[in-house]
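Okay, here's what each chain looks like letter by letter:
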Amino acid sequence: MTPINAVEMRGMVKDYPLVRAVDNVDFTVEQGEIHSLLGENGAGKSTLMNILYGMTRPDSGEIYLAGQPVQIRRPADSIALGVGMVHQHFMLTPVMTVTENVIIGNEPTRGIFTDYKKANAEVQELIDKYGFHISAKATVESLSVGQQQRVEILKALYRKANVLILDEPTAVLTPQEVKELFVVMRELKAAGKSIILITHKLRETIEVADRVSVLRGGKMVTSGVFAKDCDASQLALMMVGRRVDLYSTRRSQVVGETALEVSNLNLSRRGVPILKNLSLHVKKGEIFGIAGIEGNGQTELIEVLTGLTKPDSVTLKKDGEPLTGKPADFLSNGVGHIPEDRLTRGLVVPMSIEDNVILGYHKRPAFSRRGLRRTKAIRTYAADKVKEFDVRTPNAKNLCSSLSGGNQQKVVIARVFSQNPDVLIAAQPTRGVDVSAQEFIYSKLLDLRDMGKAIILISADLDEVRRLSDRVSVIYDGQIVAESKADVWDEMEIGLYMTGSKQAGEETSE
Amino acid sequence: MKQRLKSLFRLEDGGVLLSVLSLIIAIIISGIIMAIAGHNPFTAFRAIAIGAFGSQRAIANTFTQATPLIFTGLAFVFARKAFVINLGVEGQMYMGALGAALVGLMDLGLPAFIHLPLAILGGILFGALYAGFAGFLKVRFGSNEVVATVMLNSIALLFIGYLTNGPLLAAGSAAAQTERVLETALLPRILPPNQLTYAIFFAILACIFMKWFTDRTTIGYEIRAVGLNKKAAETAGISTGKVIFITLCISGAIAGFAGASQVLGVDRRLIMGFSPGFGFAGIAVSALAANNLLGVIPAGIVFGAMRAGSMELARTTSIPAEFSDIIQAMVVLLVASPLLVREILKVNQVAKKGGRKLWKLSSKTSSPS
Ligand SMILES: Nc1ncnc2c1ncn2[C@@H]1O[C@H](COP(=O)(O)OP(=O)(O)OP(=O)(O)O)[C@@H](O)[C@H]1O
Ligand SMILES: [Mg+2]
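Here the protein sequences line up with chains A and B, keeping their order.
Here our numbering is used: position 73 in the first sequence is 73, and no number is missing along the way.
Here our numbering is used: position 164 in the second sequence is 674, and no number is missing along the way.
I should point out that these hints are in silico values taken from the structure, not numbers from a laboratory.
As the structure is a prediction and not an experimental result, all values here were calculated from the model.
Watch out, some of these pointers could steer you wrong.
[Said to hold, decoys possible] Capping the alpha-carbon separation at 27 Å, the derived lysine-lysine pairs in DSS-like fashion look like this: (1) 741/B / 317/A; (2) 752/B / 137/A; (3) 363/A / 741/B; (4) 189/A / 740/B; (5) 189/A / 129/A; (6) 752/B / 444/A; (7) 310/A / 721/B.
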């Protein structure tokens, strides 16, 4: 049985103003394999996949699906040819239900009306088949990010995709969710479907992929090597072109006084308690990590800690002084914020990098004088930051929408680090960034801590929390249910706390 | 630079090319409608062109019509920058007219170079306050600005109607209008007796100023941030409520200027129902301007030309002047639906070259593999 190539792309080229995003790339995916596409931020992974999906038109190159030459001009073409894509940034309509989002463009009809009953039943059947644990009738805005992603996958499955492109599907998932996703992927593979997986987590590539291809600077530098023959360091070397230290970390040397203290935090929404009498504190020179499955109150906690939400009750103290007010007051009091979702809260994507890198700090004397923007100063500053944080772009005047996902994240990071906050609320700080950028952000976080700053790290990435935190805690159902010094718990134990199967009291006294 | 020029002409939302093409297609379609209705479209277009640009007087008429349209278009586009839909431009313009009239009617013994600016300021202030009230309702009570501003339109119109029929009615006047404003408060005319005043320059300068304002001031930056991603702006500590309120006030101020320029320049008094819907026409202007602050200038002139031309159409031909309205409505429809224009053009392209290929593709995809 010779394998048929489900996808074959030959000589693909895509130019953007001043950058060649995809440079004469050949790419092949066999029928029934999971193929991992790796590369640094801005290497051209999303662009190459957008070409295959018909979202982007290549300047040249040919595409063959199941051996047949095809013309893909728009997503409708590729969908009809059995290609499905889950984008790095979701494309859902928040106010509509899961079913409505899934069936859009493929509605089952009765007469001229959409047959919602049938649609709901079909979608729910798919949900149950893959164990997605969501309701077909829920509105998308009421779902967590992880659940929203499943809706995206459902959309492709509903259209009977034969080739499924997953662009950084795990960036937003918890370890458990990732495991579940892998089960789904293996099932799809067993059903003969081909999956292209883009990820920055090399462990995942090794765990789930059959073969690996690597893009660097728009060129294919490694194509189709077997994943089982590689280890993470080798893959990192292929991606970056130099060795990356993947596991280094260091613990805090000097822990100072309490920098931020939260107690008696209660918050409910529509009568449902979300945060329940939560207390926590972080000291100067310390990283306090909060692990937890998405939807256990993290978002609300972050909003309270940055002044975005007024809880029902809270005592919030910074350096012993009460901290109240609006987001602007928190910012000016030295509380920095890396929002968990760069597209909704982190960036104004249709504005330039220059505009975004000062967002929130735009009134500082360095950027504004008597109500006027100091355009030149902003320009120089932005150019510096782009260089310092290695944001891959030809020009800081470009819009943030022209950046690759990881590079957008670097803009957020550059903004807050450069303003030297006393306390940093870092939510998913490395979501979607490549290994080398991740190392860079980690070392920046550790530097900031070593300068005596306090950091609260909220992340769904368990490895990240364990590696960086001086003190680790777990949030479950709106409470900090367990807390421990670094390096005490293993992954399993944290996992048990995260799912609520174990409580702190079970070990000590209760 | 070249890149920027190029992107201006790409066929995307907000591109110049799209606006120009929409205009051309609108003219063609209206021509077809006219032909079907049994009129000669070329006669009509010729009349419109002569009425708009055929003589010095015609050009002056075009700019007279363009003046309030540039103001109201600008008011609408500017509010859009903060993602505020200000449908109350008409009402704010009326209130601005009232403010200008009140100051203009006051005999304070002031020289023109003080009285006139004061009267204009009165118009700006009334417009701003009136829009500010809608902003207050939105920010304080979360009311929808679209509904609020539309309601306020009716109130403004009725209020002006009451004033011009009652307390402010000119002595012995049969029409609902005030006395003439004082000589010292009049906007000078450029080519008397034509109604064109220096307000046209203020209108153009206002567009340039607002462009500078949004690009270069810190509050302008905040306005853009709020308009493009409210949540991110909020996260960045920007008080979105305050920004929306300020934006509405400024938008209303511009609308008020429009009212002032009519009262102090064209009509020289406040007349009930003086506006043939300049406020709403501003929305059409904003569409053709592709929500671009500087684009308002040419867009306002185009619509001004159509208004001026339609008068000639009615005067010299038997073709109803409403056909000019059809063109204007077509423009709005087409600019508002860029996809439609793109499809119209694509059909052309496909017919020319890619037709066969597309056919082949679609027949392949429909057969099961
Ligand atoms: N619309 C666009 N306009 C201009 N440049 C673009 C555009 N889209 C992508 N690029 C550029 O093309 C290059 C490749 O981007 P792409 O999004 O494919 O990267 P990626 O490999 O997916 O990165 P990441 O891992 O960060 O998502 C980048 O340099 C990016 O700046
Ligand atoms: Mg990408």
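Verification of the supplied hints:
no.	hint	in the structure
1	741/B / 317/A	holds, 25 Å
2	752/B / 137/A	violated, 37 Å
3	363/A / 741/B	holds, 18 Å
4	189/A / 740/B	violated, 42 Å
5	189/A / 129/A	holds, 15 Å
6	752/B / 444/A	violated, 35 Å
7	310/A / 721/B	violated, 36 Å
Violated hints, in rising order: 2, 4, 6 and 7; the structure is consistent with all others.
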